[in-house]
Amino acid sequence: MAKNKYMKLDQLKLNIDHIPFKKSLSFLPLINKLKSEQRNGAGNDSLANIILDVVNRNPDLAKTDFNIEDVSKYEDEIHTIMSYFFTPSQYKKDIAVAASPFDDHNFYFTPNYLKIYNDQNIEIEHVEQKNQDNCYQTFTKLIYAYLMILPKYYNFQLDMDYLFLYRMTDKLNGLVKYYKLEYDESCIEVTSNGKPPEASEEDIREMINDPMNMDFWMKTIPLDNFTFCGFMSFKYVDVTQIEVISSLKSQLLEKSSIINRANFEALEQNIRSLLTLSNLNLGVLALGISQGCIENPSNFWHGFIDSNKYSCDAYRRTIYEEAGLSGYPVLINDLSQKADLKPVEQELLNQGIKNICIIPLYYEGELVGMMELGSTKAFDINFTKLRVIKDIIPVFSIAVHRTSEELKNRIEATIKEECTAIHPSVEWRFQQAASNLLAKRDLDDLVQMEEIVFREVYPLYGAIDVRHSSVIRNRTIQDDLVEQLQLAREVLKEAFLDCKMPVYDQLIYKIDYFIDGIEKGLSSGDEMNVLSFIRHDVESLFPHFKENGSALTAAIAEYNKNIDPDLNIVYKQRKDFEDSLAMINDCVISYLEKEQEKAQKMFPHYFEKYRTDGVEHNIYIGQSISAQKTFDRIYLKNLRLWQLIVSAELARKTGALKSSLPIELETTGLILVHSQPLAIRFRQDEKKFDVDGAYNIRYEIVKKRIDKAVIKGTSERLTQPEKLAVIFSQESEMAEYQRYLEYLAAKGYFENNIEHLELEDLQGVYGLRALRVQIKNGEEPNEVLTVAKELKLNE
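Using my numbering, read the sequence shown as starting at 18 and increasing by one per residue.
FYI, nobody ran anything at the bench for these hints, they're computed from the structure. All the given hints hold, so there is nothing to weed out.
Estimated spans, in silico, between C-beta atoms of each pair:
| hint | residue 1 | residue 2 | range |
| --- | --- | --- | --- |
| 1 | Met-545 | Asn-84 | 49 to 55 Å |
| 2 | Met-545 | Leu-69 | 56 to 62 Å |
| 3 | Val-254 | Pro-105 | 18 to 24 Å |
Ideal placement from N, C-alpha and C gives every residue a C-beta, glycine not left out.
Make a model of the complete structure from these sequences and hints.
Okay, here's the thing in C-alpha cells:
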C-alpha cells in the first residue's frame, strides 16, 4: 500500500494542464430524468410538464452537444429548465451558477452571483491555493470526474468534502466572508467508450492513499475512455462562521495574540467579519474583582478607555462590575438611554460608543479579565451575536490569563533588574557615588549620577557547559511529539476498527506523515503544527469516541494518562532533560556560591554568574575594586589557582551526578586567560557592568566565541567531557598555567598528561592556544590559600 502523505499542494503530481476526456454541454440527462420521474409517478409533474413542453417546442435543447454560444438565443427557455434546480426564492437568494461539464464556460447565473463578481469593491481569492490556481483547478476537475466514475463502474463510493474555498473581502469596510463551493452532478451522464479499464479494489485504495499523485490515478484508470455529457451546477455556501472562528482560535493561541497591537487589530477585524458589523470595536482588559475591589494586577489593557484616565476604583458600580459579579455578559443596547451614567460609562458615550457588551472572562473558575464589544450604532450587538461568539470566549480567557501571567513575570523581572542588589565587593563605590549625588542635587536638581568605572582590573572567565545540549533538547522534543502522535494514532486506529469512516483513516495517514517528518528532523514550526493538529483534529473527536466501544475508551484513557495535565502535551523526555539540566546547574551554582564566599576572603573582587545551558562566571580583581586593602598580583594568582581547583571539583561533582539524572548529561569545563588589565563600567540603562573601551571589547568577543573552538587541523572540539581546557594567547600565560597544572596534577586533581594545543582561527580571533588536562577523581580539595602557599605563588 502506498505510504500516506499529509496533503500539501506542493506535493501535487500532475503533468497535464488539460482535461483528458470528452465532454459536452447537454440538457438531455435532465430531460431523461424528468421523463423517468413522470413514468414512475415521482417528482413535480407540473414543473416537469412545463420543462418538457419547452424542450418539445425547442428541439435544439435536447441535443447531446448543445452549443454554448446559443445560450443567449434560448435564455428564457434555459431559465425555465433551471427552475428544476432553483426555486424562485433560491434564484433570488443563492449565489449559484451552472456550467458545461469540467469547463469554465458558465451559461447560467443567479443575480447574487453576478452582483458579487461584477462588484469592483469585492476581492475574491482562493484560500490556500492562491498561487497555484490553474494547476489546482485541473486537479479538482479530475477528482470530480473520478467521484462520478468510481461508483458507477467500479462499485466504489468515495465521498469528499468541498475542494474549493473562497475568501471574499469587501474593500470598503474590510469585512470578510468565506464560501465553500458545492456542486451537483446529478445531470451529468458518464459513459464508457467500450469496456472500462480494469482496476481492483486494492488499486483504488492505492489511489486514495496517494491523493496528490494524480499521474498515478490517471495511469491506473485512464480517463480518455470516458465521456461526460450534461451540465453541472455550483452553489456558494457561506461558511464564514466556521472559518473565522477557526482563524480566531488559531490567532488566540499565538503567544502575542492580544498584547501586540497589530495582532490585536487583526483579531478585531476577524470579530467584525464574524458578526458582520463593520462598526464593531473590540477591547480586552485584565480587570478582576478581589475582596470587593476592582483591580488590574498585570497592567494588561487593550480597553476602550485609556487606562491612565480612570483608576480601577472608577469602574465600581458600572456595567463592568455588574458583569464581573454576575458572571454573565451585560448588554446595553443604547447607552445614551441608560439612567445614572457613571463617569466611565459617560466616557464610553463621549467616544461615540452607543451599543456595548461587557463579557466576563474566566480561567479555571477565576475572573481574569473582561471583553468589550462596542458599536457606534445602537442595537447593533444583540443576543444572537453573543451566541455566535460563545465558542471563542474560553479561548479569549486563556489568552488573557497567559498574557497576564507573562506580564506579571516581566514586571517582576524588571523590578529585579532596576533594583539589582549590588555585589558587596563594590557596594562601597555606589554608596560613595550616591552620597556625592545627594550633595550635588542641593545645588542642581538636574545633576546625574557620576559614572562608576573600575580601571586596571584583571578578568577571569570560566564556564561549565552541558555538552550537545541543543541537540539533546531537540531530540527530547522529537521523542515527546512522536509519542503523542503514536498515542493519538492508537485512538484513531481503534475508532476506525469500530466504525470504518474514511476520515479516521485519513487522520491516521496524516499522523504517519508527521511522525515520518519529525523522525527525519525537527524544523521550525513543526511542534506548533503538530500540537495544533492534535488539539483541533484529533482531541476534539474524543467526546464523540467515548460513546463507542471499550477498546476505544481504553485507548483514550491511555492517551490521557500520558498527557501532562498542566501543559496538555506529552512532556516526558523534555521534562527529564530540563530536570537534568536544572540539577546540574543547581549543583554548580550551589558549589560556586559556597566557594565564592571563601574566595572573597583572599581579596575583594567582583563576581557574577549566569545560567545558560550550563553556568558561566566572570570575575574582576584589582586595586580599584578594594577601598581598604592593597592589591598585589599574588591575589590574582591565588584566584586563578582557585578557579582551576573549583573547575576540577565542578567537573567531578557533575560527573558523579550523571548517573542519577533522568537523562545522563555530560559537562565540559573551560577557562579563558587574559593577562592585560582592563576597565569595567556600570551601565545605568542595563544595570550591569560591561568592559569599557574598544580594545577591551575584544575580550568579550573572544568569550562569546571560544566555546566553538576546535583543535587546529582537526574537527575535534576543544572542550570535552572530563577534561578542563585553558585558553590563552601569550607565552607567559602558558608558562604560568603550566606550573599550576603540574602542581595540581601532583596533588591529584588532574592526570599528569598536559596537552599543548593550537586552535583554529575564529571569526575575528586569531592565534589562540590551549592547555588541556584530564580531570582525575579525588578527595575534596585543600583550602586554596594552603595550596597557594605550597606553590609559593609570591616567588
